[in-house]
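Number of protein chains: 2
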Amino acid sequence: MVKAGILGGGQLGRMLLQAAINYPVETFVMENDPECPAAHLCHHFIEGDIKNFDDVYKFGKSVDVLTIEIENVNEEALLKLEEEGLRIYPRPRTLQLIKNKILQKNFYKEKGIPTSEFIVTQNAGDIKQNITFPAVHKLATGGYDGKGVIIIKDITEVNKAFNLPAVLEKKVDIKNELAVMIAVNDKKETAIFPVVDMVFDPLLNLLNHQICPADLPEKIIWKAEAIALKVVKDLDSPGIFAVELFVDHDGNVLVNETAPRVHNSGHHTIEASYSSQFDMLWRIMLNYPLGNTENIMKAAIVNLIGEPGHEGEALYEGLDEILSMDNVFVHIYGKKVTKPGRKMGHITVLSNEKQELIHKANQIKHILFVKSINA
Amino acid sequence: MVKAGILGGGQLGRMLLQAAINYPVETFVMENDPECPAAHLCHHFIEGDIKNFDDVYKFGKSVDVLTIEIENVNEEALLKLEEEGLRIYPRPRTLQLIKNKILQKNFYKEKGIPTSEFIVTQNAGDIKQNITFPAVHKLATGGYDGKGVIIIKDITEVNKAFNLPAVLEKKVDIKNELAVMIAVNDKKETAIFPVVDMVFDPLLNLLNHQICPADLPEKIIWKAEAIALKVVKDLDSPGIFAVELFVDHDGNVLVNETAPRVHNSGHHTIEASYSSQFDMLWRIMLNYPLGNTENIMKAAIVNLIGEPGHEGEALYEGLDEILSMDNVFVHIYGKKVTKPGRKMGHITVLSNEKQELIHKANQIKHILFVKSINA
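Chains A and B are the protein sequences, given in the same order. Counted from 1, the first sequence has number 127 at position 122 by the numbering used here; the numbering is strictly sequential. Counted from 1, the second sequence has number 176 at position 171 by the numbering used here; the numbering is strictly sequential.
It is worth saying that the hints were derived from the structure and are not from the lab. The structure presented is a predicted model; accordingly, all values stated were derived computationally and were not measured. There's no promise every hint is true.
Pairs involving identical chains hold if they fit within one copy or between any two copies, as the list cannot separate such chains.
The calculated lysine to aspartate or glutamate pairs, modelled on EDC-like cross-linking and capped at a C-alpha distance of 20 Å, are [unchecked claim]:
#  : residue 1 : residue 2
1  : K235      : E52
2  : K133      : D206
3  : K158      : D54
4  : K193      : D325
5  : K116      : D206
6  : K359      : E322
7  : K175      : E358
8  : K376      : D60
9  : K8        : E40
10 : K63       : E223
11 : K158      : E318
12 : K303      : D331
13 : K341      : D69
14 : K228      : E162
15 : K63       : D131
16 : K344      : D59
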């Protein structure tokens, strides 16, 4: 049996291992927390630091093929392992490029891939009056899940800016946010999943739910698909990729960022696609043919986020009501402790009717809350 | 988190654990083989003998709720655990009744549930000339997967009969074999899955594939559903049940046997139903509402059985070709060693067209073979 390693043991690793159960593969996970969501679902759990060279190198030497479920891993170890012949998804050089927002933005620019205007800043002093405001300041490295990103409305707010290498982007006047998942195998064959519409709450400016396929004009969808495919081809690495895009009010489609791994925007594929994003990564790593990305049905996702003011053992308020709804699939990530804003699970809705998806997604938002037992 | 135990670590346990990943539950498995298909997919694997009183009792004392993935477990330990307050699915008394074919057949008779005519035999000498031949002789206990069952064509074959307590049934002139999965929760609410048609190869007399929903006259389907529901209600136990039925050439529907657990005839529900048989058992054990048993699409299953003449490390010949087929889902059970006739996996096909299901099922039978690496 092929020995496959995953760096990181969060919910993405958990769902990868859930998909691995269908295949003959021996699974290895490395993560520093032995109670992480993926720890009990692999053949071999190795307690270790994914940022540490020695830990990652040693782990890599024990497997035939390696992947990541988080970008924040030791790149040097991956480069050495690749040199020594290990198959790694994504390629370490592609991971390096993506992990650094300066390199990533420059890559889009060099390749002629539409993305928002930007300048590279080494410190706050680089932000001058002649910039188009409002702008978004993003740390080159170390940002995650919205951390390391701030909005600078005008020059008076320059004191908020990062004093570390960063990218300053013109803030896009966003009409829609889209995501496109693409699979690439070693033969450079690609399979593209239907485009996802990330629907934001206009008042809270938070992701409300996701709908797939995105119900937008064909021209926009085609642009999104073509641009995402170009990004992934130019990244020149096998693996699975999530390309996040903005659509502005003029119908321009711009790449926001790319993740070189399974991704939150593709979780509906577990039930909605013949081959899920997780299934697809196993097909790539195990040298099987790519799967069928078609939708079985339309789908929506609602993320389950830890409520503000609640920290401690998780309590899923309203779960019974959600489980009594038809066409609804619950995914709880098994994290022992909830924290405000922590991703604790997601709910998938299937329907052939877009209106039913939206209705149920909104219902779920009003019924299900992750609180703590001892609030 | 609820602590849930599974006695047995084969493919049924494996797929139960795959479904458990969606819920907040701490999983325990007991089985004597630490390399069994389910061993690496639970929080706690306990090496132990499921037939041994002390092992089962001790295991049961460590969990909040208990289930089985094989009937062949120590019943006395389960009865004592239940007396001491443990929730067990199915109830130990129901398991006892089902495990003994004499008790099971008498139960059908007493409850007025249609089943083939039978007599109870203590030894071969009980089989007399006045029996209607051909007949099927089934050992009361210890039979499994076709073992402990023989056909006696006429009185001259009586020397083949078992000299242990057994049931001698009139052989049904079978037109169709059906299976009905039913879920029952603690409140005695039931959910019935669409009827499955077990399609046999007329030449080999082996299961060729399964189709769901069964495409038979409504009257037959209604009878099958009504009879299966009566069986399960009369068994008076929460849990998940597979009722296997014969349809004869006169349109009579007769119960063959019942399994008080997740079952091979329900594997298509993983992809084909909103709530699978595995999902459903977790809902029951975790006190969640029952799920939606409707089919998302029609489905077929082909079982992957170890080829004759092949014993050793498994080789899945034709797997690449199967994985390049659309609408096809592969489930390999991760058994290290194949043996002739051993269940090594199954393949599910989804389609809205019955003809496509049959066509693909037959294709798969001609493409995919489980051989051994060193044949």
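Results of checking the hints against the structure:
In this assembly of identical chains, the alpha carbons of K235 and E52 never lie at most 20 Å apart, being 38 Å within a copy and 52 Å across copies at closest. Proximity of K133 and D206 under a CA criterion of 20 Å is satisfied in neither setting, with 32 Å inside one chain copy and 79 Å between copies. Taking the shortest Cα distances, K158 and D54 never come within 20 Å of each other, neither inside one copy (38 Å) nor across copies (68 Å). With identical chains, the CA atoms of K193 and D325 are at most 20 Å apart between copies only, with a shortest distance of 17 Å across copies and 45 Å within one.
In this homomeric assembly, K116 and D206 never come within 20 Å of each other (Cα to Cα): the closest approach is 33 Å inside a single copy and 58 Å across copies. Within a single copy, K359 and E322 get their C-alpha atoms no closer than 26 Å, and across copies no closer than 41 Å, so neither meets the 20 Å cut-off. Taking the shortest Cα distances, K175 and E358 never come within 20 Å of each other, neither inside one copy (37 Å) nor across copies (51 Å). Proximity of K376 to D60 under the C-alpha cut-off of 20 Å is found in neither arrangement, the shortest distances being 35 Å within a copy and 38 Å between copies.
Taking the shortest Cα distances, K8 and E40 sit within 20 Å of each other only across copies (15 Å), while inside one copy they are farther apart (22 Å). Taking the shortest Cα distances, K63 and E223 never come within 20 Å of each other, neither inside one copy (48 Å) nor across copies (62 Å). Neither within a single protomer nor between protomers do K158 and E318 lie at most 20 Å apart by alpha-carbon distance, with minima of 39 Å and 64 Å respectively. Taking the closest pair of Cα atoms, K303 and D331 come within 20 Å of each other both inside a single copy (14 Å) and across two copies (18 Å).
For a Cα distance limit of 20 Å, the shortest separation of K341 from D69 across copies, 18 Å, qualifies, whereas the shortest one inside one copy, 32 Å, does not. Taking the shortest alpha-carbon separations for K228 and E162, neither the intra-copy value of 35 Å nor the inter-copy value of 75 Å comes in at or below 20 Å. When the C-alpha separation of K63 and D131 is checked against a cutoff of 20 Å, the pair qualifies neither within a copy, at 41 Å, nor between copies, at 68 Å. For a Cα distance limit of 20 Å, the shortest separation of K344 from D59 qualifies neither inside one copy, at 31 Å, nor across copies, at 42 Å.
Of the hints listed earlier, those the structure fails to meet are numbers 1, 2, 3, 5, 6, 7, 8, 10, 11, 14, 15, 16, in rising order.
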